[in-house]
Amino acid sequence: DQQVKQNSPSLSVQEGRISILNCDYTNSMFDYFLWYKKYPAEGPTFLISISSIKDKNEDGRFTVFLNKSAKHLSLHIVPSQPGDSAVYFCAAVSSNYKLTFGKGTLLTVNP
Amino acid sequence: GAVVSQHPSWVICKSGTSVKIECRSLDFQATTMFWYRQFPKQSLMLMATSNEGSKATYEQGVEKDKFLINHASLTLSTLTVTSAHPEDSSFYICSALEHRDQPQHFGDGTRLSIL
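Protein chains in written order, with the numbering used here: chain A, 837 to 947; chain B, 130 to 244.
These are computed hints drawn from the structure, not numbers from a lab. We treat Cβ as the ideally placed atom computed from N, Cα and C, and that holds for glycine. Treat the hints with care, since some could be wrong.
[Unchecked claim] Mimicking SDA-like on lysine to any residue, the simulated pairs with C-alpha atoms at most 25 Å apart in a straight line are: (1) B:LYS149 to B:PHE168; (2) A:LYS934 to B:GLY145; (3) B:LYS170 to A:THR881.
[What the hints assert, rightly or not] Label pairs and their computed distance ranges (CB to CB): (4) B:GLY190 to A:GLU851: 41 to 47 Å; (5) B:LYS149 to A:SER844: 35 to 41 Å; (6) B:CYS142 to A:TYR933: 29 to 35 Å; (7) A:ILE889 to B:THR209: 26 to 32 Å; (8) B:TRP139 to A:GLY852: 45 to 51 Å.
Just chain A, same shape as in the assembly (with noise of 0.2 Å):
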């Protein structure tokens, strides 16, 4: 049973435009979570986490959200860049610091 998921596989957006890429999770006792860009042929690249105890985390152009209640966390990216045209992986920490991964989103962003 996958614990962490991210149910749409593609998403494309318009330069310019806001970029939202969701990720579910089903275990509670997760604690941390991040999000990873990756490129092809490229291993993933740390991107932004937030902690349990935040609802919200922004870094410039990339904010992330987290409902506890609703076991959901959501990155926005805004506004979308032909550069960020990426396959997207949330992630989940554990406490013994392990990381569980849904499938990635691959966002477009088309110019």
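Let chain A serve as the given structure and place chain B on it in line with the hints.
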């Protein structure tokens, strides 16, 4: 930023061959390194957790005799796929953790193809 180097990036070899993959943290000492495997259209799946100087901890369903992990120093961990078979063909990727309150940093992965 923290850099993790993984080598080789791509391997093709015959069935029955053993393949070694190296993972190095280049500008930091990694207290813990992790090995993942990713099949097409699937998420990264943790295979094992490796701490320097101690035996690796394997996830359920991962054969420790098949996937040998050595973490000889704070900057190097190796994964050896022993007697590889076509079903072992996958994308293997490592990550390294400097401090436990920081994110894992990933290598670029190794594409392993067993003929």
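Hint check:
| no. | hint | verdict |
| --- | --- | --- |
| 1 | B:LYS149 to B:PHE168 | holds (19 Å) |
| 2 | A:LYS934 to B:GLY145 | violated (31 Å) |
| 3 | B:LYS170 to A:THR881 | holds (19 Å) |
| 4 | B:GLY190 to A:GLU851: 41 to 47 Å | holds (43 Å) |
| 5 | B:LYS149 to A:SER844: 35 to 41 Å | holds (37 Å) |
| 6 | B:CYS142 to A:TYR933: 29 to 35 Å | holds (33 Å) |
| 7 | A:ILE889 to B:THR209: 26 to 32 Å | violated (40 Å) |
| 8 | B:TRP139 to A:GLY852: 45 to 51 Å | violated (37 Å) |
Checked against the numbered hints above, the structure breaks hints 2, 7 and 8 and satisfies the rest.
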